[in-house]
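Participant: Now for the letters of each chain:
2 protein chains.
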Amino acid sequence: MTNSDEVIGRINQHFEKDYQLRHAVRLAEWDQSLHVKAASLAARTQSVATLNALRRDNLVELMESCDLPAALRCAATRDQSCLREVDRYLRCHLTVPAELQDRKTRATSRAESLWADCRSRNDWESYAPALSAVVEVIRLEAQHRAEATGLELYDSLLDIHEPGLRIAQLKPAFEELKVWAIDILANSKPASTVAAQRRLLTIDDKEKLFLNISCVFGFDLTRGRIDFGEHPFCAGVPEDTRLILKKDSSILDGLLEVIHETGHACYEQNLPTSPRGHPINLPRSVGVHESQSLFFENMIGRHPAFLNYLSRTLSDKHQFPISADELNFYYNQTRLGLIRIEADEISYILHIILRFELELKLINGEIEVSDLPECWNILSVDYLGLSPGNDFRLGCMQDIHWSLGLFGYFPCYVLGQVYAAHLFHQFTATHQDYSSDFCSGNIRPAFDWLKEHIWSRGSCDEVLSVFMSSEKALDTKFLRRLLENRYKT
Amino acid sequence: MTNSDEVIGRINQHFEKDYQLRHAVRLAEWDQSLHVKAASLAARTQSVATLNALRRDNLVELMESCDLPAALRCAATRDQSCLREVDRYLRCHLTVPAELQDRKTRATSRAESLWADCRSRNDWESYAPALSAVVEVIRLEAQHRAEATGLELYDSLLDIHEPGLRIAQLKPAFEELKVWAIDILANSKPASTVAAQRRLLTIDDKEKLFLNISCVFGFDLTRGRIDFGEHPFCAGVPEDTRLILKKDSSILDGLLEVIHETGHACYEQNLPTSPRGHPINLPRSVGVHESQSLFFENMIGRHPAFLNYLSRTLSDKHQFPISADELNFYYNQTRLGLIRIEADEISYILHIILRFELELKLINGEIEVSDLPECWNILSVDYLGLSPGNDFRLGCMQDIHWSLGLFGYFPCYVLGQVYAAHLFHQFTATHQDYSSDFCSGNIRPAFDWLKEHIWSRGSCDEVLSVFMSSEKALDTKFLRRLLENRYKT
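Top to bottom, those sequences are chains S and W.
Counted from 1, the first sequence has number 316 at position 317 by numbering that gives the first Met the number 0; the numbering is strictly sequential.
Counted from 1, the second sequence has number 486 at position 487 by numbering that gives the first Met the number 0; the numbering is strictly sequential.
Everything labelled a hint here was simulated from the structure, so no lab data went into it.
Straight-line C-alpha distance at most 27 Å; calculated BS3-like pairs for lysine-lysine:
1) Lys207(W) x Lys207(S)
2) Lys246(S) x Lys207(W)
3) Lys207(W) x Lys245(S)
4) Lys246(W) x Lys36(S)
5) Lys246(S) x Lys316(S)
6) Lys36(S) x Lys245(W)
7) Lys450(S) x Lys36(W)
8) Lys36(W) x Lys246(S)
9) Lys36(S) x Lys36(W)
Generate coordinates for the entire structure from the input sequences, incorporating the hints supplied.
Facilitator: Encoded structure:
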């Protein structure tokens with residue numbers, strides 16, 4: 000056995016353990032979003048913190064016990080990319096010192112619980128100091144990461160969520176999208192409603208409908224489950240994926256939410272599993288994850304051909320009569336507003352760019368948390384023509400991300416749109432009869448194509464080549480072309 | 000700071016960590032009983048095994064890093080019993096070598112899954128080899144424990160669940176109870192039904208009723224929750240207690256089940272919490288745990304005075320009209336049968352003694368697993384006058400305990416009865432108007448009394464003094480007196 004085989008064996012063992020601990024953490028997170036009472040929360044938080052500390056110990060032990068550079072030098076080609084991914088994963092998770100990590104956990108826990116509470120009372124003043132404490136920690140984190148990697152401050156955070164991507168690629172693409180999106184919105188009709196939107200189902204019938212649609216979109220209930228909670232998200236691990244759907248969605252908005260979250264779930268459930276927990280078998284990036292949910296939501300869910308099938312299903316099987324025209328009209332219109340998660344595909348881009356520009360300045364120290372409300376309102380008027388004024392629930396308190404310490408994360412939502420459009424372009428190039436397939440409800444070929452090119456590839460570098468002609472390019476033309484067809488009046 | 004303070008500090012840290020890991024394990028167990036799909040089970044089992052291995056590592060580290068005997072010598076009196084309990088806990092959890100523990104985990108996992116499957120097909124032949132493998136491991140475990148403690152083989156297992164109790168105390172008490180119980184049963188009327196038993200509620204109304212009764216009996220929903228599953232049990236940790244009630248119980252049988260499980264839950268929720276996870280703050284023993292559920296079920300739940308209140312509640316608030324006489328008749332009659340969990344209080348004693356006698360012989364090597372069906376049937380006829388014949392679901396495959404490796408556990412169910420009767424004797428001696436209290440639904444004084452004498456004491460030695468005149472005596476007279484009043488015709 001060569002030294003590199005031995006190292007690879009040790010690596011696999013440590014990541015198997017990492018997977019098993021992550022499993023427990025993810026279960027706790029799932030449970031927390033559905034079941035935990037306020038008085039039980041402190042104990043749960045400490046339990047998860049202990050599990051995460053043990054995950055860190057396990058990774059430190061791996062890093063200290065194996066000579067990765069030496070293994071890389073003598074590894075067979077097929078092992079090279081696995082080892083590179085291990086190296087990246089270890090550096091990403093261990094660069095921040097344990098004490099700073101603890102401080103981050105405390106700061107974000109506090110900001111998270113204050114956010115929920117203060118937001119309900121529109122109380123920015125009480126929340127702002129907690130967010131400042133988070134920003135302070137994240138700036139320190141960025142310094143550590145920047146020193147370790149030689150990257151710019153913000154790039155070092157972006158690299159956690161979207162490995163390899165840099166502001167230098169993001170900025171020009173976002174500038175282009177910004178000008179373009181403002182223009183499209185200015186020329187689009189105002190949103191209006193459809194009669195069917197006011198139709199209701201019983202809670203049971205609605206939940207049954209959402210569950211069925213999730214299964215139509217490939218959610219595998221033999222190794223996962225669906226629950227209904229406050230916020231939609233995909234939790235668990237590939238071998239036991241837990242989808243949470245929003246319990247009080249309207250039927251029409253909820254349908255796209257279900258389809259979106261099912262995209263995340265299918266990616267997780269179809270990742271490669273051997274060696275289990277290995278970084279090479281994790282999702283490629285946050286942007287790629289989002290591209291899967293957006294492929295499901297926007298490329299299939301909003302597609303006029305698919306809406307024909309959806310209209311028949313809703314009318315014939317779910318006591319919710321609605322025409323394909325109504326669905327098409329409702330799902331393919333711009334809906335300008337202040338709330339990101341209710342936005343149409345085009346306004347959404349502007350919501351994200353606004354947050355990106357603000358968080359970039361926050362990390363670089365160009366603005367402070369106390370400047371946020373004013374800066375937010377100015378950009379909001381510039382990009383959306385609307386201002387939240389003093390209603391912080393519609394402004395800088397609307398998202399939980401910054402409370403959780405997620406900086407460099409928001410851009411991945413737009414990356415997801417860009418990637419999804421690339422993928423759809425490639426899929427339709429090789430499946431030219433996709434439209435009649437969608438019309439008859441046959442969306443299997445799209446899943447098979449995604450499974451082959453994305454899901455089964457895990458974190459291989461080749462995944463990126465599907466989206467980009469060269470690794471450096473972030474080309475928005477497919478997205479723009481698609482959205483122009485859909486929304487330009 | 001003295002050496003003993005330092006040791007105590009280190010001990011508290013390690014048990015805080017143990018609590019946090021146990022929290023994750025208990026959550027996984029709770030989830031597994033309600034939510035896990037068959038295809039997700041293997042990953043879950045591995046995750047829990049890893050958490051338990053980490054708990055062991057943590058305890059080994061504690062044992063190796065502190066000189067307990069030295070600390071005991073110089074500790075203040077108030078710390079002595081804490082340190083003794085730590086010593087016992089460490090010896091109990093670390094005596095079995097890690098390799099044997101792994102083998103036990105594998106053997107019991109296999110037997111557990113085969114048990115459920117084979118039982119549904121009444122297939123003893125396929126299940127028996129898996130149970131033999133468990134017995135083989137447990138015999139080895141008993142050898143290790145016996146060598147480490149100087150106890151007899153079976154005593155070494157009994158000591159895990161009921162610290163300090165020995166066969167020498169158990170056997171004479173069980174012999175006495177056996178003769179007595181057979182006599183009472185021979186002279187009791189055959190069971191009969193009451194008209195109200197056939198009355199139904201909707202699933203929603205039934206679940207609402209059970210939840211309300213659980214709250215009446217003190218379950219604290221602000222830091223716990225109630226779900227409905229296949230088997231009733233109490234999971235979670237004191238800071239987040241998860242009660243699972245059986246979803247397909249009949250109303251009348253279900254009511255006592257709810258009351259029983261709530262007894263377990265109230266004990267957990269009212270244990271002392273500081274220092275968190277310390278062995279001194281764990282439940283005193285399995286027998287004491289069971290005594291709390293049986294105090295709830297048998298001392299309050301079946302009490303004629305309380306049944307007056309229950310009858311009014313069911314009739315007035317829950318659309319389930321039933322008279323106190325009907326309740327009294329149904330709950331206070333013997334119900335001879337082959338299924339333990341459906342037995343009355345007296346037959347129950349015989350069910351347990353049967354299992355105790357068989358498992359004692361299994362551990363001592365006097366019989367083998369292949370002898371079980373015949374031995375079971377013979378004892379069953381002797382004690383209950385009934386035989387399961389070749390229906391193993393009614394005989395030696397009816398309980399899951401042995402599949403899980405639980406030997407020396409069954410006796411604790413009768414200990415629970417003995418202890419509960421002691422407790423009730425003491426409670427009523429100081430609360431002579433308890434009967435009119437129960438009649439008006441005021442059961443608070445009983446909880447307050449249990450809280451003071453049992454719940455808030457954790458694993459202090461003094462808990463046992465409540466049950467026993469001397470620590471060595473296992474006196475069945477209060478139990479016999481109580482049951483004779485209730486069941487003797």
